[in-house]
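Asks: All chains, please: the whole structure from these sequences, using the hints.
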Amino acid sequence: MRIIRILTTPLIALAFAACSESNCILGNTIEARVEFRSSVSGKQIASSGMTTLWLCRQNAADTVVINKRTNMSKFSLPLDNTSEQDIFILQYDTAYNSPSDTFTIGHTNIPKFVSIECGTEMYHTITYTSATDNVMDSLVVVRKDVNYYEEANIYIYCTDN
Amino acid sequence: MKRRIYIFIVLTISLFAFHNTALGNVIYRVSTPKENNQLRRQYNKEKRKMEIQEPVLSSITLNADLFGFAYSIFSQGITTAEIGMEIGFRNHFFPTVELGYGWADSDTKSSNINYQTKAPYFRIGMDYNMMYKKHQDCFITLGLRYGHSSFDYSVTGMRFDSPYHGTTLNFDIDNAHSKADWFELVFGLRAMFWKNFGMSWSLRFKMPFKITDNTNSKPWYVPGYGKNRETSISGSYRLLFSIPFKMKAK
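Line by line, the protein sequences are chains L and S. The first sequence begins at -6 in the numbering used here and counts up one residue at a time. The second sequence begins at 8 in the numbering used here and counts up one residue at a time.
Worth flagging that the hints you see were computed from the coordinates, not collected in a lab. There may be inaccurate statements among the hints.
[Unchecked claim] Lysine-lysine pairs mimicking DSBU-like chemistry, simulated, CA-CA at most 35 Å apart:
1. Lys202(S) x Lys141(S)
2. Lys125(S) x Lys186(S)
3. Lys36(L) x Lys137(L)
4. Lys202(S) x Lys140(S)
5. Lys141(S) x Lys137(L)
6. Lys137(L) x Lys202(S)
7. Lys67(L) x Lys36(L)
8. Lys137(L) x Lys116(S)
9. Lys225(S) x Lys67(L)
10. Lys137(L) x Lys140(S)
11. Lys217(S) x Lys116(S)
[Stated by the list, open to error] According to the in silico footprint, chain L covers these stretches of chain S (three or more CB under 8 Å from chain L):
12. 115 to 124
13. 165 to 179
14. 212 to 224
From the three backbone atoms N, C-alpha and C, an ideal C-beta is built for every residue, glycine too.
Replies: The structure is reproduced here in structure tokens:
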């Protein structure tokens, strides 16, 4: 009886060990978060017209990231995993005098292995930015690390309508 | 004649009465406090005598873990082989050394990522026999371990797609180096079942002290520790070969 107990108890231990848990972060994509801010009050504002965001790539057709969205106060920018610079064109509503602004985001790419269960993640660090000021007043990096956090990385300051 | 019979009866009753009274004095007499202390001291002395019958060096035990091989059936390409040695002191404390080798060759189900490592590890610590007063072959132990492993690992087949940009980055990590130190709380049961052979199983609650990360990764599997988590539970199931040192004859 004693031997049977000793021989069967490892099965319980095996069951413990065989149970694997995975705390993978799911549902979020790692993209730079951008918010429109008022140049006057500094508060978050929404674009009044139809906003379109174009992604410009060298030697390839432009890609639409945001297509004619109205009342947009924030958006996400997909950064290229193989390049250290991305150029975007932001086209505003025709109510504005200038139709668009172009801005550049320089970034590093940090590929990460998380686990066999959760796979990989790609993080970025914003190194520099530049932008035209046709509509926007300025573009400011407020958080340079691009990761799963929902907080904004970049503020685009505009004058209120 | 009547008189003689009467004297005989009286003397017999008197003797019987005296005898009972005398016995009562010996058997049921209440001891004095001084005598009580003496008796207690004598009892403690005898008890200590009994306790030191267990030799200082009570046993040397060699063991081999079978759990690592069994676990490889359930796990994702993880196998460990481990042997150990412990020395029993008064069948009470068991300082222990465990040496092992851990392998991992694991793939993800959804992608082609492969993680590989193989390295030795060791643990040192001590078990405490919670039933040492019973002098039995089957007893429960509680112990602590410190573990260490220094190892290299590789991760291949990582692929990072950028759908908007239409690009893909293929990335591998070759021979990243890491060191791990951890502690284990061990709860076990062991029994000798045939001559000098026995078996033991234990549950191990593992807590990392330090596991070094690298820029692009942290080790997923650490030889000897297991999967790299804040805490983990594992087990061991060991075959024992023990050389006992007999208790001194009384």
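Asks: All the hints need checking, so say for each whether the structure fits it.
Replies: To see whether the hints hold, each was checked on the structure:
no. : hint                  : result
1   : Lys202(S) x Lys141(S) : 19 Å, holds
2   : Lys125(S) x Lys186(S) : 13 Å, holds
3   : Lys36(L) x Lys137(L)  : 20 Å, holds
4   : Lys202(S) x Lys140(S) : 21 Å, holds
5   : Lys141(S) x Lys137(L) : 65 Å, violated
6   : Lys137(L) x Lys202(S) : 68 Å, violated
7   : Lys67(L) x Lys36(L)   : 12 Å, holds
8   : Lys137(L) x Lys116(S) : 34 Å, holds
9   : Lys225(S) x Lys67(L)  : 33 Å, holds
10  : Lys137(L) x Lys140(S) : 64 Å, violated
11  : Lys217(S) x Lys116(S) : 29 Å, holds
12  : 115 to 124            : holds (count 5)
13  : 165 to 179            : holds (count 13)
14  : 212 to 224            : holds (count 3)
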